[in-house]
Amino acid sequence: MVVKKTIKKRALGRGLDALLADKPTLEVLNQSIKILISKIKPNRYQPRTHFDEKELLSLTESIRKEGVLMPVLLRVQGDGYELIAGERRWRASQAAGLLDIPAVVREVDDLQALELAIIENEQRDDLTAVESARAYKRLIDEFSFTQQQVAESIGVSRVQVSNLIRLLQLPMSIQEMIEQRLLTMGNARPLVGLDVSKAEALARKCVAEQWSSRQMEKEAKRVLHDHTSRVSETVIDADVAALQDELMRTLGLPVTLNCKKNGSGELRISYSRAQELDGVLRRLRAPL
1 MVVKKTIKKR ALGRGLDALL ADKPTLEVLN QSIKILISKI KPNRYQPRTH FDEKELLSLT
61 ESIRKEGVLM PVLLRVQGDG YELIAGERRW RASQAAGLLD IPAVVREVDD LQALELAIIE
121 NEQRDDLTAV ESARAYKRLI DEFSFTQQQV AESIGVSRVQ VSNLIRLLQL PMSIQEMIEQ
181 RLLTMGNARP LVGLDVSKAE ALARKCVAEQ WSSRQMEKEA KRVLHDHTSR VSETVIDADV
241 AALQDELMRT LGLPVTLNCK KNGSGELRIS YSRAQELDGV LRRLRAPL
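Residue 90 in the numbering used here sits at position 90 of the sequence shown; the count goes up by one each step and never skips.
It is worth saying that the hints were derived from the structure and are not from the lab.
These figures come from a predicted structure and were not determined experimentally.
Any given hint could be a false lead.
As the list claims (entries may be wrong) - Okay, derived cross-link-like pairs now, EDC-like style, lysine to aspartate or glutamate, Cα gap no bigger than 20 Å in a straight line:
(1) 198 with 176
(2) 34 with 87
(3) 205 with 217
(4) 65 with 53
(5) 39 with 82
(6) 218 with 200
(7) 41 with 82
(8) 205 with 179
(9) 221 with 195
(10) 34 with 107
(11) 23 with 126
(12) 39 with 107
(13) 39 with 100
(14) 221 with 209
(15) 221 with 200
(16) 41 with 79
(17) 198 with 226
(18) 34 with 66
(19) 205 with 176
(20) 41 with 110
Said to hold, decoys possible - Derived CB-CB ranges, DEER-like:
(21) 282 with 260: 24 to 34 Å
(22) 281 with 240: 22 to 32 Å
(23) 27 with 196: 47 to 57 Å
(24) 97 with 192: 43 to 53 Å
(25) 149 with 180: 27 to 37 Å
(26) 246 with 17: 32 to 42 Å
(27) 243 with 157: 18 to 28 Å
(28) 197 with 281: 23 to 33 Å
(29) 204 with 33: 43 to 53 Å
(30) 79 with 260: 53 to 63 Å
(31) 44 with 192: 23 to 33 Å
(32) 176 with 58: 21 to 31 Å
(33) 245 with 97: 46 to 56 Å
(34) 224 with 94: 44 to 54 Å
Ideal Cβ positions, reconstructed from N, Cα and C, are used throughout, including at glycine.
Let the sequences and hints guide you as you build the complete structure.
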């Protein structure tokens with residue numbers, strides 16, 4: 001079962017809405033110019049890491065017959081251009097043997113480049129839950145967004161942003177299963193916080209037996225209950241749990257807070273990329 005993300009329509013301004021549409025308006029066509037494909041580089045902020053080969057082949061054949069109907073969106077980058085939106089069309093045009101492609105060139109800063117890349121893909125339901133989560137996390141780490149600001153920027157709810165980012169706490173093996181669309185967000189979300197080996201075992205069983213999200217939630221609760229019963233003496237104090245949750249929301253990263261009875265303890269912050277560590281350091285170094 002595939003659950004589509006709900007993306008609210010939002011006004012991007014400066015005619016950018018029209019450039020992310022499925023069909024070109026007369027205004028977009030009038031603004032477009034031919035750009036050599038060899039002068040174009042992919043978007044460094046592209047959140048999409050997987051491109052379906054069958055879809056690309058189909059688009060390549062369509063472009064061979066009818067050409068590129070919707071111009072791509074570019075910005076100037078050095079002596080060439082960087083893609084903002086339309087990477088599938090650019091890839092398929094190369095495969096079709098085209099030398100140039102219709103494009104609209106706009107002044108777009110790095111933040112807009114990331115926002116537009118996310119919005120374009122999510123409007124077409126192209127991103128997996130993990131790809132969306134990493135893109136949202138990038139807005140937080142590199143542009144100091146809060147989760148609420150991410151939600152407003154992309155046009156989704158803050159709860160959805162929070163739930164997606166939590167998926168990044170899962171082991172890479174499970175994140176890869178989500179990227180391969182073997183697991184949905186609903187399947188994977190109950191696994192957050194479980195022991196790695198148990199989470200991986202449940203994920204494999206979910207795929208093999210095609211569990212629903214509800215079945216996964218039931219199984220994850222059972223595993224968590226069994227584990228809690230065996231180690232009940234290590235249950236986290238309510239105040240500590242609240243502080244740990246606050247730190248996780250503030251940093252957007254997995255946080256473990258171990259407090260001992262003598263007042264000492266340990267604060268552990270987990271990160272998977274250097275950019276995430278940079279984000280934590282910026283917050284620590286920021287003036288009070």
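Hints, verified against the model:
Distance restraint check for residue 198 and residue 176: the Cα-Cα separation of roughly 16 Å lies within the 20 Å cut-off, and the hinted pair is therefore satisfied. Restraint check for residue 34 and residue 87: the C-alpha separation of about 16 Å stays at or below 20 Å, so the hint holds. A hinted pair counts as satisfied when its Cα atoms are at most 20 Å apart, and residue 205 with residue 217 qualifies at roughly 13 Å. Distance restraint check for residue 65 and residue 53: the Cα-Cα separation of roughly 19 Å lies within the 20 Å cut-off, and the hinted pair is therefore satisfied.
Annotation: proposed proximity of residue 39 to residue 82 holds, straight-line Cα distance about 9 Å (limit 20 Å). With a CA separation close to 16 Å, the supplied pair residue 218 and residue 200 stays within the 20 Å bound. About 5 Å separates the Cα atoms of residue 41 and residue 82, which keeps this hinted pair within 20 Å; it holds. With a C-alpha separation of about 17 Å, the suggested pairing of residue 205 with residue 179 holds against the 20 Å cut-off.
Taking the CA atoms of residue 221 and residue 195, the gap is about 12 Å. The hint holds against a cut of 20 Å. This hinted pair checks out: residue 34 and residue 107 have alpha carbons roughly 17 Å apart, not beyond 20 Å. Distance hint between residue 23 and residue 126 is fulfilled; the C-alpha atoms sit about 17 Å from each other, no more than 20 Å. Between residue 39 and residue 107 the CA atoms are separated by roughly 17 Å; this keeps the pair inside 20 Å, and the hint holds.
The hinted pair formed by residue 39 and residue 100 meets the criterion: a straight-line CA distance of about 9 Å does not exceed 20 Å. Proximity of residue 221 to residue 209 is assessed by CA-CA distance (about 18 Å); at most 20 Å being required, the pair is judged to hold. Between the alpha carbons of residue 221 and residue 200 the distance comes to roughly 15 Å, so the proposed pair stays at or under 20 Å and holds. The straight-line distance between the Cα atoms of residue 41 and residue 79 is roughly 11 Å, inside the 20 Å bound, and the hint therefore holds.
For the hint linking residue 198 to residue 226, the alpha-carbon distance of about 11 Å falls within 20 Å, and the restraint holds. Restraint check for residue 34 and residue 66: satisfied, since their Cα atoms lie roughly 16 Å apart, inside the 20 Å limit. The suggested pairing of residue 205 with residue 176 holds, with an alpha-carbon distance near 15 Å, which does not exceed 20 Å. Taking the CA atoms of residue 41 and residue 110, the gap is near 15 Å; set against the 20 Å cutoff, the hint holds.
Checked against the given bound of 24 to 34 Å, the beta carbons of residue 282 and residue 260, roughly 30 Å apart, stay inside it. Distance hint check for residue 281 and residue 240: the Cβ-Cβ separation is about 25 Å, which falls inside the suggested range of 22 to 32 Å. For residue 27 and residue 196, the Cβ-Cβ distance of about 52 Å falls inside the hinted range of 47 to 57 Å, so the restraint holds. A hinted range of 43 to 53 Å holds for the C-beta pair residue 97 and residue 192, which are about 46 Å apart.
The hinted range of 27 to 37 Å is satisfied by residue 149 and residue 180, whose Cβ atoms lie roughly 30 Å apart. Distance hint check for residue 246 and residue 17: the Cβ-Cβ separation is about 37 Å, which falls inside the suggested range of 32 to 42 Å. Hint check: residue 243 to residue 157, Cβ distance near 25 Å, so the stated range 18 to 28 Å holds. Between residue 197 and residue 281 the beta carbon distance is about 32 Å. The supplied range of 23 to 33 Å therefore holds.
Under the hint 43 to 53 Å, the C-beta atoms of residue 204 and residue 33, about 51 Å apart, fit the expected range. Against the hinted window of 53 to 63 Å, the Cβ-Cβ separation of residue 79 and residue 260 comes to about 60 Å, which satisfies the hint. For residue 44 and residue 192, the Cβ-Cβ distance of about 29 Å falls inside the hinted range of 23 to 33 Å, so the restraint holds. The hinted window of 21 to 31 Å between residue 176 and residue 58 holds, with their beta carbons roughly 25 Å apart.
A beta carbon spacing of about 54 Å between residue 245 and residue 97 agrees with the range 46 to 56 Å that was offered as a hint. Judged by the Cβ atoms, the range 44 to 54 Å given for residue 224 and residue 94 holds: they are separated by roughly 48 Å.
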